[in-house]
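K.L.:
Given the structure of chain Z, go ahead and fit chain P onto it with the hints provided.
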Amino acid sequence: MKTMKEKIIKRLAVVLVLAAIAGARLQAADLNLFGTNGPPVDFHGFVSQGFLYSSDYNYLGESSKGSFQFTEAALNASFNPLPRTRISAQAFTYDVGDAGRYDFVLDYAQAEYTFNDYFGVRAGRIRRPQGIYNDIQDVDVARTFVLLPQGIYDARWRDFYATLDGGEFFGTIPLKLAGSLSYEIYGGMIHPSEDGGIALYIRSSLPASGSLDSINSAEVFGGQLWWNSPVDGLRFGMAGAFIPTLDYNLTIQTLGGPYHPDNRQGVAFEQYSAEYVWKAWTFQAETLFLDLHPDAAGMADIHRFTWYGSAAYRFNKWFEAGAYYTEYYGDTSQPDNSMLYQKDAALALRFDATDWWTFKIEGHYIRGTGLLQDNPDNPVQNDNGWWLLAVKTTFSF
Amino acid sequence: MKKIFLKMRQSLDLGCGGTSPLSQGATCRVVPKRGLARALQMMPLLKIGLVCAVLFDGALRAAALDGFVVIVNKGVTTTSISMAALKAIYTGKTTYWPDGQSVGIVVLDDQITDKTDEAMEEVSGMDTSHFKTFWQRMVFSGRGQMPQKFGDTASLVAYVASTKGAIAIVPADADLKSVQKLEVK
Numbered sequence: 001m002k003t004m005k006e007k008i009i010k011r012l013a014v015v016l017v018l019a020a021i022a023g024a025r026l027q028a029a030d031l032n033l034f035g036t037n038g039p040p041v042d043f044h045g046f047v048s049q050g051f052l053y054s055s056d057y058n059y060l061g062e063s064s065k066g067s068f069q070f071t072e073a074a075l076n077a078s079f080n081p082l083p084r085t086r087i088s089a090q091a092f093t094y095d096v097g098d099a100g101r102y103d104f105v106l107d108y109a110q111a112e113y114t115f116n117d118y119f120g121v122r123a124g125r126i127r128r129p130q131g132i133y134n135d136i137q138d139v140d141v142a143r144t145f146v147l148l149p150q151g152i153y154d155a156r157w158r159d160f161y162a163t164l165d166g167g168e169f170f171g172t173i174p175l176k177l178a179g180s181l182s183y184e185i186y187g188g189m190i191h192p193s194e195d196g197g198i199a200l201y202i203r204s205s206l207p208a209s210g211s212l213d214s215i216n217s218a219e220v221f222g223g224q225l226w227w228n229s230p231v232d233g234l235r236f237g238m239a240g241a242f243i244p245t246l247d248y249n250l251t252i253q254t255l256g257g258p259y260h261p262d263n264r265q266g267v268a269f270e271q272y273s274a275e276y277v278w279k280a281w282t283f284q285a286e287t288l289f290l291d292l293h294p295d296a297a298g299m300a301d302i303h304r305f306t307w308y309g310s311a312a313y314r315f316n317k318w319f320e321a322g323a324y325y326t327e328y329y330g331d332t333s334q335p336d337n338s339m340l341y342q343k344d345a346a347l348a349l350r351f352d353a354t355d356w357w358t359f360k361i362e363g364h365y366i367r368g369t370g371l372l373q374d375n376p377d378n379p380v381q382n383d384n385g386w387w388l389l390a391v392k393t394t395f396s397f
Numbered sequence: 398m399k400k401i402f403l404k405m406r407q408s409l410d411l412g413c414g415g416t417s418p419l420s421q422g423a424t425c426r427v428v429p430k431r432g433l434a435r436a437l438q439m440m441p442l443l444k445i446g447l448v449c450a451v452l453f454d455g456a457l458r459a460a461a462l463d464g465f466v467v468i469v470n471k472g473v474t475t476t477s478i479s480m481a482a483l484k485a486i487y488t489g490k491t492t493y494w495p496d497g498q499s500v501g502i503v504v505l506d507d508q509i510t511d512k513t514d515e516a517m518e519e520v521s522g523m524d525t526s527h528f529k530t531f532w533q534r535m536v537f538s539g540r541g542q543m544p545q546k547f548g549d550t551a552s553l554v555a556y557v558a559s560t561k562g563a564i565a566i567v568p569a570d571a572d573l574k575s576v577q578k579l580e581v582k
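Going down the list, the sequences are from chains Z and P.
Just so you know, we're using our numbering here: the first sequence kicks off at 1 and counts up by one.
Just so you know, we're using our numbering here: the second sequence kicks off at 398 and counts up by one.
It cannot be assumed that every hint is accurate.
What the hints assert, rightly or not - Far from chain Z, by Cβ distances over 12 Å, these chain P residues were calculated: (1) R540; (2) K561; (3) G562; (4) P568.
Said to hold, decoys possible - Derived lysine-lysine pairs resembling BS3-like cross-links, with alpha carbons at most 30 Å apart: (5) P:K471 x P:K484; (6) P:K490 x P:K582; (7) P:K582 x P:K484; (8) Z:K317 x P:K512; (9) Z:K176 x P:K582; (10) Z:K317 x P:K574; (11) Z:K279 x P:K512; (12) P:K490 x Z:K317; (13) P:K574 x Z:K279; (14) P:K561 x P:K574; (15) P:K582 x P:K471; (16) P:K471 x P:K512; (17) P:K512 x P:K546; (18) Z:K279 x P:K490; (19) P:K546 x P:K490; (20) Z:K176 x Z:K279; (21) P:K546 x P:K561; (22) P:K484 x Z:K279; (23) P:K582 x P:K546; (24) Z:K65 x Z:K343; (25) P:K471 x P:K546; (26) Z:K317 x P:K471; (27) P:K471 x P:K578; (28) P:K561 x P:K471; (29) P:K578 x Z:K279; (30) P:K471 x P:K574; (31) P:K546 x P:K578; (32) Z:K176 x P:K574; (33) P:K512 x Z:K176; (34) P:K582 x P:K512; (35) P:K561 x P:K512; (36) P:K582 x P:K561; (37) P:K484 x P:K578; (38) P:K484 x Z:K317; (39) Z:K176 x P:K578; (40) P:K512 x P:K574.
Since the hints were derived computationally from the structure, they do not count as laboratory data.
What you are looking at is a predicted structure, and each value in this text was computed from that prediction instead of being measured.
Every residue gets a Cβ at the ideal spot worked out from N, C-alpha and C, and that includes glycine.
Chain Z extracted, bound-state conformation (with noise of 0.2 Å):
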């Protein structure tokens, strides 16, 4: 656990990489690191500070006392060193609630050879594909709402679902009149951060007696592909992951001894995908089935299902507009849990006062305590709807 004063200073190096870019108003700069005759570098980042409230129950923070634990930057360089070869980093850092805690990581490290449009070949620390948003979710100037749906797009567990170490195959198959089909196959290694949501959310399920000591790095294997329909704007995509072995080590005290229990599990992600951006409008809708596979005899698999649709309306260059209602199944066997389910309708209100500073506000209802995880910080749960209202603002470059 970080100390406050970690945390602190952490917080405000965040704050002073916000005020360099408002107050020197940074440009997206091509700089010749390399000499003249060198490939100039291309830096891209931003700062996000959000702020979430909440009628009842503490979610993705101290919520219901108002948080201001909401915040991501990042900062990254890109530039061509070779013919059809691309070399990319991003440092990364966030806090949302008690995941992340300002912990900079390195969310990508790549490079890439491109050899024709059909195929290339990243490796890396890199972006897992998975439906529209998982390789983005972070970057909330990308997308019209603060909170995407949290069943699928979950702002804790990000450690987990967005990078691995690895390497992927990449490329965009012509169909003619039918469009086009990319795809991207990968493979590689996560490692799940002891700071991080799925930490977080095995120690909210653990007994008063019982610790995470650790998590084990895992192999993934996955792809995605989407079909580029003819018609401008309309895609439909599918994406599968596969983890075989998600291992962790706890230790229970019990009164012969502290105990240490088998938590092995196969995970295995499964995700479809449709969206249609036409004129002022994007229209999106996803569902994702995820499926936990314990190795402990006497344990059950669990099925989680999540979908959502959303639809945005950009009125002009400075305002857009969006809703999407959602619904999440921890346990599908369970659909009438409300401590299993979550269900949020949320309306969303994006302003861009100029080309680098982005402002939203957003409002959720939602039924269903499904996702809070936080357990011992909401230890009354019941089905009455709840009310959660998110703001947040980023500086982009």
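P.N.:
For chain P alone, kept in the frame of chain Z given last:
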């Protein structure tokens, strides 16, 4: 809606449990083939998409870039380009010229004229806001390079003239001696 999805989910399950995590039950392994089986069951969705594509066939015709031309740096060896290839560049699917040079998209500020916006919309299939958002997604996921933006045509043309692999769409009446025009077929 929930019932429809849950029914679909049930029909796709292979009977690997689905009971409470607290109850007794046999463990099961993931069978990779299952994903494909599920995918095939989603084919109706793809068929609906194809029908939509046919219905909107009129949208497939490439419209002329009225009053605008496509320019590139003189080092680009290509002399003509199809509308489909141009669209592939502006939607990030083509990122290199045939000789291996990186494609650098350069755009005029969207405040200049509505016609500039229309020309961009024609080649990218997106309005200016969606175009910006799309490239932010590409950049921050490490999959692309942000288009450079200029407030006036002369500065943009000068940048294209001095930058390897650069491409832009500009008003046809601009001074274009320092760059190469691409014929759009």
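K.L.:
Evaluate each hint against the coordinates.
P.N.:
Here's how the hints hold up against the structure:
1. R540: With a cut-off of 12 Å, R540 of chain P comes too close to chain Z, as the shortest Cβ separation is near 8 Å.
2. K561: Per Cβ check, K561 of chain P is inside 12 Å of chain Z; nearest 9 Å; violated.
3. G562: violated, 9 Å
4. P568: holds, 21 Å
5. P:K471 x P:K484: Status holds; Cα separation ~21 Å.
6. P:K490 x P:K582: holds, 19 Å
7. P:K582 x P:K484: Roughly 12 Å separates the two Cα atoms, so the pair holds.
8. Z:K317 x P:K512: Since the Cα atoms of K317 of chain Z and K512 of chain P sit roughly 15 Å apart, the hinted pair holds (cutoff 30 Å).
9. Z:K176 x P:K582: Holds, because 16 Å separates the two Cα atoms, which is no more than 30 Å.
10. Z:K317 x P:K574: Violated, at about 33 Å.
11. Z:K279 x P:K512: holds, 15 Å
12. P:K490 x Z:K317: holds, 25 Å
13. P:K574 x Z:K279: violated, 35 Å
14. P:K561 x P:K574: holds, 16 Å
15. P:K582 x P:K471: holds, 19 Å
16. P:K471 x P:K512: holds, 26 Å
17. P:K512 x P:K546: Holds - the C-alpha atoms of K546 of chain P and K512 of chain P are around 16 Å apart, at most 30 Å.
18. Z:K279 x P:K490: holds, 21 Å
19. P:K546 x P:K490: Holds, because 20 Å separates the two Cα atoms, which is no more than 30 Å.
20. Z:K176 x Z:K279: holds, 23 Å
21. P:K546 x P:K561: Given that 30 Å is the threshold and the Cα spacing comes to 16 Å, the pair holds.
22. P:K484 x Z:K279: Given that 30 Å is the threshold and the Cα spacing comes to 16 Å, the pair holds.
23. P:K582 x P:K546: holds, 26 Å
24. Z:K65 x Z:K343: Since the Cα atoms of K65 of chain Z and K343 of chain Z sit roughly 22 Å apart, the hinted pair holds (cutoff 30 Å).
25. P:K471 x P:K546: OK: K471 of chain P and K546 of chain P at ~20 Å, within 30 Å.
26. Z:K317 x P:K471: Given that 30 Å is the threshold and the Cα spacing comes to 34 Å, the pair is violated.
27. P:K471 x P:K578: holds, 9 Å
28. P:K561 x P:K471: holds, 8 Å
29. P:K578 x Z:K279: Holds - the C-alpha atoms of K279 of chain Z and K578 of chain P are around 29 Å apart, at most 30 Å.
30. P:K471 x P:K574: holds, 10 Å
31. P:K546 x P:K578: The given pair, whose Cα atoms are some 19 Å apart, holds under the 30 Å limit.
32. Z:K176 x P:K574: violated, 35 Å
33. P:K512 x Z:K176: holds, 29 Å
34. P:K582 x P:K512: OK: K582 of chain P and K512 of chain P at ~21 Å, within 30 Å.
35. P:K561 x P:K512: Distance of about 27 Å is within 30 Å: holds.
36. P:K582 x P:K561: holds, 23 Å
37. P:K484 x P:K578: The hint holds at about 17 Å.
38. P:K484 x Z:K317: holds, 23 Å
39. Z:K176 x P:K578: holds, 26 Å
40. P:K512 x P:K574: holds, 23 Å
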